[in-house]
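Assemble chains B and C onto chain A, guided by the hints.
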Amino acid sequence: MQSTSNRDLGVGLFVLLGLAVIAYLSLQVGGLSLRDSGGLVLYATFDDIGGLSPRSSVRIGGVRVGRVESIDLDEDLRARVELNLMQDLELPVDSAAAIRTSGLLGDQFVALEPGAEDDLLVSGEDFSFTESAMNLDKLIGTVVHGDGLGGGD
Amino acid sequence: MMNWIRKLGANSLGQVEEIGEVVRFGGRILLATTRPPFRWRSFMAAVFDSGVLSVALICASGLTVGFVLGLQLYNTLARFGAEDSLGTAVGLSLIRELGPVLTGLLVTGRAGSAITAEIGAMRISQQLDGLRMMAIDPIHFIVMPRATALAFVMPLLSAIFVALGISGAYLIGVELLGLDGGSYLAGLESAVEFRADVLQSLVKSLIFGLLLGLIATWRGYSCEPHSAGVSRATTSTVVTASICILLADYLLTALWSI
Amino acid sequence: MTEAEAEFGHVEVRGVALAFGHRRVFDGLDCDFARGRISVLMGGSGTGKSTLLRMIGGLQKPDAGSVRVAGDVIETLDEAGLAKVRNRLGMLFQNGALLDSMSVFDNVALPLREHTDQAESEIADRVHDRLAAVGLLDVDDLLPGELSGGMLRRAALARAIVTEPEILLCDEPFSGLDPPNVSRIEALLTHLNRDRGLTLIVTSHHMATSLRMAHRILLLRNGGCVEGSPAELASSRDSAIREFLGKDGAEHLSRLGREAQGAKG
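Protein chains in written order, with this note's numbering: chain A, 97 to 249; chain B, 12 to 269; chain C, 644 to 908.
Isolated chain A (complex conformation) (with noise of 0.2 Å):
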């Protein structure tokens, strides 16, 4: 049964190359993360989130730290952001989260800023300090209107 071997190796070998294929595209080019490392949830509150979505990644300098778990409105209907980031991660109380575009026309993200204190975050706190995402339009109005933002008339 020559020919069968022959076959069952062709087989063999088939389902490995597709299967190294699979786990390249998803570990290496999707990012497919076998241990979790996710955790360490914070949450921010901004005014105007922009293009932000879930999934959109958290950078520190940037370099992906976790991602944009949900986004939800609070009382006081102002957008309030759940971060889903690493586990060990060590921000210090007074940091900032800033909503941020990649490059002119890319995704929106947000950056955090580690502060200076001595004290960390915990699960579960919020950013003191927000950063809404850049509005074209109303940059576009205060070049035209030549005043400073909020600008009157």
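Quick caveat, the hints were computed from the structure, so don't treat them as lab data. On a predicted model such as this, the values are computed, not experimentally measured, just so you know. There could be a bad hint or two in this list.
Per label pair, the in silico range of CB-to-CB distance [said to hold, decoys possible]:
1) B:Tyr261 with A:Pro188: 28 to 36 Å
2) A:Ser99 with B:Asn14: 56 to 64 Å
3) B:Met12 with A:Leu115: 54 to 62 Å
4) A:Met182 with B:Leu217: 29 to 37 Å
Think of the CB as a built atom: it goes at the ideal place given N, C-alpha and C, for glycine as much as any other residue.
Chains B and C in isolation, oriented as in the chain A frame:
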């Protein structure tokens, strides 16, 4: 006029009846998978015929589609000065849509029609009746291994297609058009997400495989018992399966974005 | 004889009606196939010989009437129920119907591998025994496509009897074979009947062979059938029957006469 309406009614009822039969057939295949023995030999042979023998076709197609995609997307992105996002654009289009759908259509033409012809030929030469008379269920013995093999190979082939497409576009973009290889790969990796994109791709190709497995074996199993019947069944498999794959693609894309 | 023993190997057809579209094939068909006997179904083309055989095998359901095989009423059974009945049947198809992607050995071994727990060595012994019984040696690794017509038919016969059925259905076992092979098959079938008490139901056009080997002949016509021993039918008053049997019928009678003379003298 009345005659025409009568014909339309009869045709529609016929279609609904056939869909009912196909679903029942699918149910019997599913039941067959739960009853031992599993028929590994047949399954492996079918995986070889539908999968391994399709690899060359999938590789060639994936690579050429990658080339074309690289060129076309580059041209469009260049208009917005966004050539560096080629990796992103290529990755997302291949993984979400072109990989599963084109693989589905190619495998339908190559392996789907072959399986229909094989089962149809068995039907007209009374091999299926022979099995029944030996108290062996032809659905368990012949159909089940082939249908499951088609479902099994589809995601693997789709992934290979995608990988070759990404490589093809890379060759065009970086080697030919002078883009930076690093940005290409970075764009690819940052834009593609497992749950939204890769998983969608795998689920789609699995479902296309299941659809093809059902349609190809059904057409062979129920074909008219003469040579013209087999040939009609074979073309019908290609047409029906292709349409079903495209429709399913639309439905799955819509569902996934919820 | 107990009822079970009486039913063993016995097929009964009562009041069967079947039509394909507008074509009426059977209407009120009644016939019996006695156990341990060779019954030959004859009739012109389109009279439904193969269809009746398929009905007995459960591959075709009648529109009305009943078919009892070895005591079980089969027209109401589903595939699972039919499987139990088919374990006691064997069927020899006209073109063999062996699986063309498997070797002869694997084909003949298939029913044993599927339905029994026998070890491979036991199965091999049984398979070789049956193949030898039909006169096929050294064919184990050949594919059905590589066999001649006569060899293919005999291999299919080996497969049909490998599970020791009570009833053997043969669809045109002599058609398309040259005279030596026809004689071979006739000898094999007769031997199976005499030695193992197998009930044989055969469809055939082959007049001389059928008259020679049959215990009963069932002539299908007009939706029903006429039964009788070969001698009875050959000497029938019905001109249509005599015409159907043709010169073979007359020859058969004269041969019987000579044999009777020989026995007397």
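The hints, checked one at a time:
The supplied range of 28 to 36 Å is broken by tyrosine 261 (chain B) and proline 188 (chain A), whose beta-carbon atoms lie about 50 Å from each other. Distance hint for serine 99 (chain A) and asparagine 14 (chain B): a CB-CB separation of about 58 Å, consistent with the stated range 56 to 64 Å. With their beta carbons about 60 Å apart, methionine 12 (chain B) and leucine 115 (chain A) fall inside the hinted range of 54 to 62 Å. Checking the proposed 29 to 37 Å range against methionine 182 (chain A) and leucine 217 (chain B) shows it holds: the Cβ atoms sit about 32 Å from each other.
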